[in-house]
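**Q** One line per chain: the protein sequences are W and D, in this order. Just so you know, we're using the working numbering here: the first sequence kicks off at 1 and counts up by one. Just so you know, we're using the working numbering here: the second sequence kicks off at 1 and counts up by one.
Since the hints were made in silico from the structure, they are not lab data. Don't take every hint at face value.
Identical copies carry no separate label here, and so any pair may be met within one copy or between two of them.
[Said to hold, decoys possible] Below, simulated EDC-like cross-link-like pairs (lysine to aspartate or glutamate); rule was C-alpha separation at most 20 Å, straight line:
(1) LYS13 / ASP159
(2) LYS62 / ASP214
(3) LYS80 / ASP152
(4) LYS62 / GLU218
(5) LYS221 / GLU28
(6) LYS80 / ASP179
(7) LYS80 / ASP181
(8) LYS221 / ASP115
(9) LYS106 / GLU17
(10) LYS62 / ASP118
(11) LYS221 / ASP118
(12) LYS106 / ASP20
Given next are the chains, with one letter for each unit.
Number of protein chains: 2
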Amino acid sequence: MTTSNVQIINVAKSLLEHNDLAAALNREHFTQTNVLAVNVIASPGAGKTSLISKTIEILQNKASIGVIEGDIAGSIDTEKVLAAGAQDAVQINTGGNCHLEAGMVKQALERLNLDQLDIIFVENVGNLICPNHWALGEHIKLCLASSAEGSDKPIKYPDIFAASDVIVLNKIDLIEFVDFDRDFFYESVRALNTSAPIFEISCRTGEGLVEWADWILEQHKGL
Amino acid sequence: MTTSNVQIINVAKSLLEHNDLAAALNREHFTQTNVLAVNVIASPGAGKTSLISKTIEILQNKASIGVIEGDIAGSIDTEKVLAAGAQDAVQINTGGNCHLEAGMVKQALERLNLDQLDIIFVENVGNLICPNHWALGEHIKLCLASSAEGSDKPIKYPDIFAASDVIVLNKIDLIEFVDFDRDFFYESVRALNTSAPIFEISCRTGEGLVEWADWILEQHKGL
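Kindly generate the complete structure, drawing on both the sequences and the hints.
**A** Structure, rendered in structure tokens:
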């Protein structure tokens, strides 16, 4: 087993270096065309598509938004964000792969007209672990958590909370019905990440979404 | 990139074959000692630890239950299941790995006295994708979903729903507060998996837990 392990570590390292290079090129492409790129990472069902759709609706007269949807299978999320008013959207089916890679995003970018866009949300595959290892060329890494998942997620999945530029806590309308210790959540996040802003939202009730949308718009202006 | 991809596929295949062999030995070990092994797979925050803890409480006079806890970091789940009355529990920290492997379970088994146990729950890392590729030697692969994740999870993560021997839908007390289409969920599951029983439960209210616990106890008797 040892020999095989060493092999896969080396190959994985080589693949990650290759990915980082592709990500750097994507990022240059985004920056040169003045498009803010946001890598949206969360567990399955935390509300990634809902967050993107609601942001598109709120910013419909202020920013032109494109979406790259990463899923193992299906295209229902792309249909949803287009219905919400996305300027353009591309679906990537990873065929079983548990995360997006920079090369996949590069291929998607060939099908998008960046000159017409201000912000691109890249919705990663629903997974709190693997996507964190694969840079896509984003300016902002967003970690989306749901109150229904419980307040211990930062403790149990520390890497993504530590690495994120912004943390969004969704489904706060459910807090009264679940076991969620808000103080514990904030303390755990701050032990890992002292600087990322934390937004509390509910895509269902709309609470907190305007503040979040204002912030992401400011990030685009600051590019 | 092509060459590297071919390399990693070959190495991964070799690792998976190695894992399958280790899993077969684990399974033989479980079966010979008359211990039912259950591989619990779910997204982060779906309620794996709660399901295991509640099952232990309900079966406290009927079955002796051990737990192998897989987490990237921390040991709070092991503390929880021991507090719930687990006969024994071992924590595996994967150090970033997104799934458990058969070799990790083998190491954990060396620290458990199987002769004293009837059922072992192996709580996998919170991830709906990667654990599905790595057999652990379980008799039963359990897919746990939460109503708060939405009813489209079978469509978006088809492999795990197709491969599971039993599907448990948790947090049904939240259905009235979230967008969950029960008919769509069942139709999607049945399109992938015609035979796995589906249990609806709420670890918070206790609904459905006795029926589930009776079923798992029957599976042990049928070993």
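**Q** Going through the earlier hints one by one, which of them does the structure break, listed in rising order?
**A** Every hint satisfied by this model.
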